[in-house]
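S.K.: Sequence order for the protein chains is R and H. Residue numbering for the first sequence follows the numbering used here, starting at -16 and increasing by one per position. Residue numbering for the second sequence follows the numbering used here, starting at 58 and increasing by one per position.
Check the hints yourself; a few may be wrong.
What follows is a list of derived Cβ distance ranges for each label pair [claimed, not checked]:
(1) H:P120 to R:I81: 40 to 48 Å
(2) R:R267 to H:A188: 37 to 45 Å
(3) R:L78 to H:R265: 22 to 30 Å
(4) R:L148 to H:P270: 54 to 62 Å
(5) H:S191 to R:F58: 28 to 36 Å
(6) H:L110 to R:Q266: 53 to 61 Å
(7) R:M285 to H:A188: 14 to 22 Å
(8) R:S65 to H:R265: 20 to 28 Å
(9) H:P270 to R:T206: 49 to 57 Å
(10) H:G185 to R:L33: 15 to 23 Å
(11) H:N148 to R:L78: 37 to 45 Å
(12) R:L282 to H:W261: 41 to 49 Å
Because the hints were derived from the structure by calculation, they are not lab data. We treat Cβ as the ideally placed atom computed from N, Cα and C, and that holds for glycine.
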Amino acid sequence: MSTTTPPRERPRQAAGQSVPAQHQPTAKSRHSQRWLAWIFLAPTILGMGLFTLIPIVASVVLAFFRWDIISAPTFVGFDNFSEVVQDPTVRVSFLNTIVFVVVAVAFQLGLALALAIMVQEKMPAWLRVFFRSAFFFPLILSAASVSIFMRYLFNEQFGVVNWFLSLVGIPAVPWLTTPGGSAAVVILVYVWQNFGFSFLLFIGGLASIPVETYEAASIDGATGWRKHLHVTLPLLSPTTLVASVMAIISALQVFDQPYVLTRGGPGDSTRTAVMVIFESAFQRLEFGQASAIGVLLTLIIMAITAAQFRLSKRFVFYQ
Amino acid sequence: MTTTTDHGLAGHSPRLSEGLPETSPKRRRFSWSFALRVGLLLIAAALTLGPVLWTLSTSLRSPSESFKLPPSFFPWNPDFTSYGEVFQQLNIFLLVLNSALVTGLIAVGQMVSAAMAGYAFAHLKFRGRGALFSIVLATMMVPVQVTIVPVFMLIRGMGLSDTLLALILPAIPTAFGTFLMRQYFMGLPAELAEAASIDGASPWRTFRSVYAPLAMPGMAIVGILAFNFHWNEFFRPLILTISEQNFTLPLGLVSLQGNLGTGSISVVLAGVVLSMIPALVVFMFGQRALQDGLTAGTGK
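Chain H extracted, bound-state conformation:
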């Protein structure tokens, strides 16, 4: 993933201009291809970040100004009316609490269950290990949308319909997380278990005191991926929750937009901005972990 060279892909003879004065024509020559390339990339970056900047800065305009053109991309004179308004129109606290509970419990549940299963597949010997692991991998191919009808029935049968548990429980077993953790544990030397068993440690002790502490970074990746995915999830909450008191944030925002029609967009956008904050935190502190996790297992 890391770039090994900073000087481009094509080999160009190094140090040709070494020792020449700064004004060497070779160094000062303006590169049209470089300018064109960076220019195109800057346009792409502007198109990527522009809509988000517009969302942020429009949420900070007053509701009556929010429709006005030209659009604003930087909040020079922030106006927080819309943020007060969105708290009145929407029970933001409850939505955030629901989303945090659902997402947090799924993340912790996935970290623990995936670490345990991944460890069993990597370092414990039992009959049928290979076959069982193949079945776990195969479940990754089945889209949620295909199993949602029976899952909905099952949840009803368990008496859990329209509860937060209906969202949490089915999301805890994770094939991808198990796969990631197995890879992670395989990367840790088997000699550690050898040494621990020589010291008389039981297999449980070996896991708890030797491997689990070393696997924390891997578990963090599983947790961050789970958090990012389920914080943003829309399809399952749309189906599995019914009453507004069990809505998660994305669901609440979509219903707010529906209620307002084309009311004041700054209020809706204020809600959108609030919902982005946790994702932004993840982006700032866990971007590398998130990127590594997302591309894990793609043979990069």
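Chain R on its own, in the form it takes in the complex:
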């Protein structure tokens, strides 16, 4: 995403041929350009400084203090970090988050890739448009609303999911009242809503693979799934990298679905890292600890991003 291209040079010579010398940018015009630039940047830069950069620094500083808003903050060194690391709830929630990320992201990417390949193959154009719109649709809904109706669908007694299962003779599954069932529901609901984003990325990636590559492959005798294994997957690897980085970063921050579906329960079985930040800050008023957890989460996000780009140098095939 770092497309910091060098400043664009205007074609001086070309303009100079037809334009008299006095129309070259003067010192005055450069001066007024600079002024305009700072005026234009002011809202964004000041806003980001106030609401993003200062809070980042404050968050890191706050992680070394104990503060409940009411009394004055006291410096406690690394106490917040050592308490947080030893806290069983925090540990479980980080573990839950990691399991959630691994399962949900693998499921989401696999599903999205399979559907994208199937949609891009031969079919009438209107059918393709229908499938694309259908898979994109959940993305426009609010995760809170989705979780509200999904809670009813997964209800043990009157839920539609168990009703369908009963048609094929499967006894009622206690979805939201057991740890395993709750975790499964959170993952299913999350993937249901988000796979469309990865799907869109894969569709874009597939469209950029030249048709000739497939023609060459089929001359060499590759057909069906072997064609995809040996041509599609390697050529799609840059897209796969981007899609997996984005999916992992967004899954690490999961909050709305578990909050509305299960409130983290039963027990701590679906409590996630962000839920623990929320609870320790705004329910227990331990702002220092909440910041410490936030700093840990950010470090994990940064490490994963760095690791993925390191890996990409080895495994991603660029055309």
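Once you have looked at the hints, place chain H on chain R.
M.R.: Structure of chain H alone, referenced to chain R:
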């Protein structure tokens, strides 16, 4: 993004059957792989749209019927009792007004500030441009959840806690929007500025009369993305608003569900359906813009 071919990815010799009668065995052969593929896709589409259809059609059942199985997926006999009920249990007008105000002002604020900043990064020369742009991009990596505690303090310090402004102001500076608008302005030729300055236009005039009108489609993408994201937002409103009169729609719906317990689900679902209407409008009219915006900058 557009599919260049309509005839599949694998090259198959074209026009082999040209001129042959319709009954040519080559054309009529039933393709099992095609049927299997479309069948699987149809199942996936049913699983994607089914829950939404169920929500819509259950909200149109009478409250006492809404629990009954088998479930309904199409509202054959619509019953609007639940919609009347949800207006009584929830101040829907206020929630919609709050959500519309918050979302609308954020969208407009982002469109204007991102267009200005994007233009400065694309077409104006000043010292430190590259470094500043890198900092703006870097802020995209920081999750909201990490900055929420200090932002909450800051809002309290500014005397804005439990106001709608607490939701609006921090959401206006947008790194992603600035990035999008910079890309958009870079796509417009620099010669336009050249020509305008030859005609004696000041840099401000050049922006206002030449570039800004051309950048409207880009600004629309920023606005649609902002609208979709903030209309559905749950985490920040949950923390930054306290009294019910400042709740936004998603927050109000979750609290309604809490109040009712397992009361009548059709009433809650009626609220959910009402909250989906603006998203549906965006889906119908701005789907392409939304898709382009969401995948912008991913090197597709």
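S.K.: Run through the hints listed earlier and report the numbers of any the structure violates, in increasing order.
M.R.: 3, 6 and 8
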